[in-house]
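Chain A is fixed; fit chain B onto it per the hints.
Given next are the chains, with one letter for each unit.
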Amino acid sequence: MESDKVTADMLEAMEFPHLSQRYGVMGVPKTVANGKGVAEGALPEEYLLANIFALIEKDSGS
Amino acid sequence: MVLLNDSVRAEAQKRLKGLVNPVKIVNFTQEIECQFCAETRRLMEEIAALSGKLSFEVYDFVTDKDQARKYHVDKIPATVIVGDKDYGIRFYGIPSGYEFGTVIEAIVMVSKRESGLAAATKKKLATLTKPLHLEVFVTPT
Chain A
1 MESDKVTADM LEAMEFPHLS QRYGVMGVPK TVANGKGVAE GALPEEYLLA NIFALIEKDS
61 GS
Chain B
1 MVLLNDSVRA EAQKRLKGLV NPVKIVNFTQ EIECQFCAET RRLMEEIAAL SGKLSFEVYD
61 FVTDKDQARK YHVDKIPATV IVGDKDYGIR FYGIPSGYEF GTVIEAIVMV SKRESGLAAA
121 TKKKLATLTK PLHLEVFVTP T
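Going line by line, the protein sequences match chains A and B. So the first sequence is numbered by our numbering: it starts at 1 and just counts up by one. So the second sequence is numbered by our numbering: it starts at 1 and just counts up by one.
Chain A with its partners taken away, still in its complex shape:
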């Protein structure tokens, strides 16, 4: 809601086993950003945000 760039999906892991397997979902909630895992378990907002932006910066740098 805070950016038009963001799309956010909630997926029921058991109903989409092929996706859970692709991202190696071992525990929930598992958060994936642009196809890469950024968090396993519920992280405080600021840590989750930091992980997401670390991935974005890494991806744009390479």
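Any given hint could turn out to be false.
[Unchecked claim] The calculated label-pair distances, taken between Cβ atoms and stated as ranges, are:
1) E57(A) / N5(B): 44 to 50 Å
2) T129(B) / E46(A): 20 to 26 Å
3) K17(B) / E46(A): 27 to 33 Å
4) A120(B) / E40(A): 20 to 26 Å
5) K112(B) / G61(A): 32 to 38 Å
6) G37(A) / R69(B): 23 to 29 Å
7) R69(B) / M14(A): 25 to 31 Å
8) K14(B) / Q21(A): 34 to 40 Å
9) Y47(A) / Q13(B): 30 to 36 Å
10) K5(A) / K53(B): 26 to 32 Å
11) V62(B) / P17(A): 18 to 24 Å
12) K5(A) / C34(B): 29 to 35 Å
13) R22(A) / P131(B): 18 to 24 Å
14) D66(B) / P44(A): 39 to 45 Å
[Stated by the list, open to error] Pairs of lysine to any residue, SDA-like flavour, derived with a Cα cap of 20 Å:
15) K122(B) / E45(A)
16) K58(A) / P131(B)
17) K14(B) / K24(B)
18) K130(B) / L49(A)
19) K123(B) / E2(A)
20) K124(B) / E57(A)
21) K122(B) / V6(A)
22) K122(B) / N51(A)
23) K123(B) / F53(A)
24) K124(B) / F53(A)
25) K36(A) / G61(A)
26) K53(B) / P22(B)
27) K36(A) / I56(A)
28) K5(A) / L48(A)
29) K122(B) / Y47(A)
30) K123(B) / A50(A)
31) K123(B) / S3(A)
32) K70(B) / D4(A)
33) K65(B) / V82(B)
34) K112(B) / S55(B)
35) K5(A) / T121(B)
36) K58(A) / A126(B)
37) K5(A) / D74(B)
38) K70(B) / V82(B)
39) K14(B) / V108(B)
40) K75(B) / V6(A)
These are calculated hints, taken from the structure and not from any lab test. In this text, a Cβ means the ideal position worked out from N, Cα and C, and glycines have one as well.
Okay, now just chain B, sitting in the frame of chain A:
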């Protein structure tokens, strides 16, 4: 068959009293519904009936291809929570158990145009220049 029991219905209705702007619940299923497709559709229908601010649309993932494309829906059951515009919020699979509350929360957020995120988070997200696709895997606990 009714999915929501009286206490869950009452609690959801209480939370939906806070709705400000109309919200559209868009559900994708298919003609021969998979088990969770049928349950998800019924659940969303029941939620939509809880407030006059809520409307409900259902599409067939196979035959309503234009709608599926419009909402970028690539698997079912899918539920899109739409406000004055599409905020990119999707629920794939049946949001039961704890996730039922998440759906209600998403509806309230979209209706109020308020994500509830910290000011610093909002500021950071506003700096995004490239698409960010988040997927959160959950289980119905």
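Tested hints:
no.: 1; hint: E57(A) / N5(B): 44 to 50 Å; verdict: 47 Å, holds
no.: 2; hint: T129(B) / E46(A): 20 to 26 Å; verdict: 21 Å, holds
no.: 3; hint: K17(B) / E46(A): 27 to 33 Å; verdict: 31 Å, holds
no.: 4; hint: A120(B) / E40(A): 20 to 26 Å; verdict: 23 Å, holds
no.: 5; hint: K112(B) / G61(A): 32 to 38 Å; verdict: 37 Å, holds
no.: 6; hint: G37(A) / R69(B): 23 to 29 Å; verdict: 28 Å, holds
no.: 7; hint: R69(B) / M14(A): 25 to 31 Å; verdict: 27 Å, holds
no.: 8; hint: K14(B) / Q21(A): 34 to 40 Å; verdict: 39 Å, holds
no.: 9; hint: Y47(A) / Q13(B): 30 to 36 Å; verdict: 35 Å, holds
no.: 10; hint: K5(A) / K53(B): 26 to 32 Å; verdict: 27 Å, holds
no.: 11; hint: V62(B) / P17(A): 18 to 24 Å; verdict: 21 Å, holds
no.: 12; hint: K5(A) / C34(B): 29 to 35 Å; verdict: 32 Å, holds
no.: 13; hint: R22(A) / P131(B): 18 to 24 Å; verdict: 19 Å, holds
no.: 14; hint: D66(B) / P44(A): 39 to 45 Å; verdict: 41 Å, holds
no.: 15; hint: K122(B) / E45(A); verdict: 11 Å, holds
no.: 16; hint: K58(A) / P131(B); verdict: 15 Å, holds
no.: 17; hint: K14(B) / K24(B); verdict: 19 Å, holds
no.: 18; hint: K130(B) / L49(A); verdict: 15 Å, holds
no.: 19; hint: K123(B) / E2(A); verdict: 8 Å, holds
no.: 20; hint: K124(B) / E57(A); verdict: 13 Å, holds
no.: 21; hint: K122(B) / V6(A); verdict: 12 Å, holds
no.: 22; hint: K122(B) / N51(A); verdict: 15 Å, holds
no.: 23; hint: K123(B) / F53(A); verdict: 13 Å, holds
no.: 24; hint: K124(B) / F53(A); verdict: 9 Å, holds
no.: 25; hint: K36(A) / G61(A); verdict: 16 Å, holds
no.: 26; hint: K53(B) / P22(B); verdict: 5 Å, holds
no.: 27; hint: K36(A) / I56(A); verdict: 10 Å, holds
no.: 28; hint: K5(A) / L48(A); verdict: 17 Å, holds
no.: 29; hint: K122(B) / Y47(A); verdict: 14 Å, holds
no.: 30; hint: K123(B) / A50(A); verdict: 13 Å, holds
no.: 31; hint: K123(B) / S3(A); verdict: 10 Å, holds
no.: 32; hint: K70(B) / D4(A); verdict: 15 Å, holds
no.: 33; hint: K65(B) / V82(B); verdict: 18 Å, holds
no.: 34; hint: K112(B) / S55(B); verdict: 16 Å, holds
no.: 35; hint: K5(A) / T121(B); verdict: 14 Å, holds
no.: 36; hint: K58(A) / A126(B); verdict: 19 Å, holds
no.: 37; hint: K5(A) / D74(B); verdict: 18 Å, holds
no.: 38; hint: K70(B) / V82(B); verdict: 12 Å, holds
no.: 39; hint: K14(B) / V108(B); verdict: 11 Å, holds
no.: 40; hint: K75(B) / V6(A); verdict: 19 Å, holds
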